[in-house]
Amino acid sequence: MATFVDRYPDEAKVVQASFAVAFIALGIGAFFGLIQALHRTNILRVIDSVDYYTLLTAHGVLLALVFTIFFLVGVFTWAIAKGFERPLPDIRLTWAWFGLMTTGTVLTAVAILAGLVPEIPMSADVLYTFYAPLEAHPAFYIGLAMFIVGTWMAGADWFLAYRDWRGDNPDERIPLQPFMVLTTMIMWYVSTLGVAVAVVFFLIPWSLGLIETVNPLLTRTLFWYFGHPVVYFWLMPAYLLWYTVLPKLAGGRLFSDPLARVVFVLFVLLSTPVGIHHQYVDPGIAEGFKFIAMTNTMFLLLPSLLTAFTVVASVEHGARQRGGEGYLSWLGALPWRDPAFAGMALAGLMFAAGGFSGMVNAGMNINYLVHNTLWVPGHFHMTVGTAVALTMMAGTYWLLPQITGKTVYSRPIGLFQVVLWFIGMVFMSNAMHRGGLLGIPRRTAEPQYQNFDFAAAVGSVGEIRMQIAFGGLLLFLSVVFFLFNVAATWAEDRVDTPVDDTIPAPLSPPSGAPLILDNLALWTGIAVVLVVLAYTLPLASIVTDSGLLGSSPGFPVAISLEALAEAAASALPHVSLDAAAGLRPLDVAAEAAETLEVSR
Amino acid sequence: MRQLSPGLFLVLVAFTIPLAVEFRTVAGFFGFDLPFISMILFEVVLLAILTGVYVLGRLTPDEDTATTS
Amino acid sequence: MAAEPESEEMPTSAGEGAGDGASIPDTESIDDEGYVIGSGRAGVVRQIDHDDFDPIGTLVLIAIYMAIVGAMWIFMYFVEFLGGDLTVIG
Chain W
1 MATFVDRYPD
11 EAKVVQASFA
21 VAFIALGIGA
31 FFGLIQALHR
41 TNILRVIDSV
51 DYYTLLTAHG
61 VLLALVFTIF
71 FLVGVFTWAI
81 AKGFERPLPD
91 IRLTWAWFGL
101 MTTGTVLTAV
111 AILAGLVPEI
121 PMSADVLYTF
131 YAPLEAHPAF
141 YIGLAMFIVG
151 TWMAGADWFL
161 AYRDWRGDNP
171 DERIPLQPFM
181 VLTTMIMWYV
191 STLGVAVAVV
201 FFLIPWSLGL
211 IETVNPLLTR
221 TLFWYFGHPV
231 VYFWLMPAYL
241 LWYTVLPKLA
251 GGRLFSDPLA
261 RVVFVLFVLL
271 STPVGIHHQY
281 VDPGIAEGFK
291 FIAMTNTMFL
301 LLPSLLTAFT
311 VVASVEHGAR
321 QRGGEGYLSW
331 LGALPWRDPA
341 FAGMALAGLM
351 FAAGGFSGMV
361 NAGMNINYLV
371 HNTLWVPGHF
381 HMTVGTAVAL
391 TMMAGTYWLL
401 PQITGKTVYS
411 RPIGLFQVVL
421 WFIGMVFMSN
431 AMHRGGLLGI
441 PRRTAEPQYQ
451 NFDFAAAVGS
461 VGEIRMQIAF
471 GGLLLFLSVV
481 FFLFNVAATW
491 AEDRVDTPVD
501 DTIPAPLSPP
511 SGAPLILDNL
521 ALWTGIAVVL
531 VVLAYTLPLA
541 SIVTDSGLLG
551 SSPGFPVAIS
561 LEALAEAAAS
571 ALPHVSLDAA
581 AGLRPLDVAA
591 EAAETLEVSR
Chain Y
1 MRQLSPGLFL
11 VLVAFTIPLA
21 VEFRTVAGFF
31 GFDLPFISMI
41 LFEVVLLAIL
51 TGVYVLGRLT
61 PDEDTATTS
Chain X
1 MAAEPESEEM
11 PTSAGEGAGD
21 GASIPDTESI
31 DDEGYVIGSG
41 RAGVVRQIDH
51 DDFDPIGTLV
61 LIAIYMAIVG
71 AMWIFMYFVE
81 FLGGDLTVIG
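Residue numbers (the UniProt record's numbering), protein chains in the order written: chain W, 1 to 600; chain Y, 1 to 69; chain X, 1 to 90.
The set of hints was computed from the structure by calculation and includes no laboratory data. Heads up, the beta-carbon is just placed ideally off N, CA and C, and yes, glycines get one too. Any given hint could turn out to be false.
[Claimed, not checked] Here chain W is said to cover these stretches of chain X; the calculated rule only asks that three of the stretch's residues, wherever they fall, bring their Cβ under 8 Å from a Cβ of chain W:
1. 37-46
2. 49-62
3. 65-78
Let the hints inform the model, and build the full structure from the sequences given.
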């Protein structure tokens, strides 16, 4: 029984390469995550607090952009070739986008990590949310632009495959997996326009010194125009696996093909005109626009609840076919020993919890309680950090045999690994949410303050710190087990039938879906209209307020800290030690000056 | 007693942890401030019950559980 | 939503009873040395078609979720709006 690698050897190589880049990024990013978890909880501080932001940037970019999106292009390439039952139109184009994305990734990663070496005059400590006024080295932005253009070329590759397939099958419904790929890419084209404009027209010229100033609110708004749809870009490959693979793993069939199509169309329409909900506390955007963004966001609950129903019903179908009975005891009939199934099911469960904290983030009035607190990282470690990342790891156990022709090295290690991830995330994410409710800030190397204690209603801040550090440790161990299992699988010999790769047809077939669902041009048009409605007035008002280029100079992180240290050091001789002992801020400045002198 | 597979047992163990972690929060909401050790004790109790169910399922399996896993 | 009878649409890959993929070992044992990832369909003991499938378990799970969300909503109202001081933001 031939599997993917036998039928499409060229495509399998591209998928393998994409997965390899994704997993390398996962390993590095997870290691930095561990260092941060131990650092900000004050368990173990192996790095300077100044370097915390370098690692935080690397953690965000490597995991949220590189790991997720490289895995995505791998899965989508697999889905296109498998779904259309034909090789990609031109494998050279496929390798071209892979090469461009990888080059861009390396450039960006070098720009970030150079911040750890003081001798190299290069840094990009701008965090994953790389809007002005924090300024990075031009290589960071240029690398990101290459990465994005690479994903555009990948989308073009898949649309060309669609055109070829359509030429041979003029009257057929688009197969479900390619339909999901194409709709996701339409959403991606619409949404990356914002970040492309921000990077190419403002941030690159600004970092090169071609323009003096930028309008920070404009680049922020353009970033978040892309910054919310990108979370669905991470989520869509997970949804693709939940809809098409998870029912099969559970022993059942997808409940409804038309419902799956409706969900993906809704994401095309609603993903982009919601970005302003990340800017609820931004001055300079009127309340009314924020309210519109909130309304659109609440509409996004609809496809998520549709997904909850369809996926759970499909899994239940599997359990019933395997002999499950009763209202809840059917859950026991599911193949929990299968790490691919158990991982995806646990990821889905965590996503349900993330959905609740997401509703809190999305509500304009409640958002004020948690904005910029540790609650927010708690939320997205449940969604992208578990719903997406754990689904991708679990999916790997089923996909890797297909693209390499090798059986997974160890199923028990795989099962242990996905469960360990779930447990680690329960500790870390739960403690982060609670810390956020106490007002502990995010993006902070040392969230401790003089003469101020966070008051905990239940338990203590010390417990919360311990839970974060312990959870972070378990998550890192889980990644180590995962990478070991993947590497050991890769090192094995090819076998004839590494995995059962068939996907059974849905219970409710695509022939029942209205034809209009496959009209991709129509949905693109409506999506563009919605974006124009939601963004024209806010952008116009931002540009009217302070101009296209604004008046904000850059704040390169390294230089401003040096200036601070110099100022503090020059102030020191004028202050007697006795006086300084009572003045906490001066202590801090003196310590900062010493550490800077040591590290440079 | 229903027979649990090792996989299901492991997943159920994972499920006990959020229950134990949040047990104290819920108690706190109703005005009982429990010490940290109570969380660990609660977890131990849950694990003991789960292990008991697992072992009993092994010792006295139902006749018709051959297909569940 | 079912516009067509599904049983005719049964694909070749869905297989009958315990199995698509003849070479996948059909492991019925609980202690499963030979279990291959992705062979959940090997444990299928009966075929259930669209019209015979009543997802009552899904309804139960979603009802539980909605109950939790509702309870958390009420909990949040008491803790954040009636019980707490100002929360540090920004």
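Results of checking the hints against the structure:
| no. | hint | result |
| --- | --- | --- |
| 1 | 37-46 | holds (count 10) |
| 2 | 49-62 | holds (count 10) |
| 3 | 65-78 | holds (count 5) |
Hint check: no violations occur; every hint is consistent with the structure.
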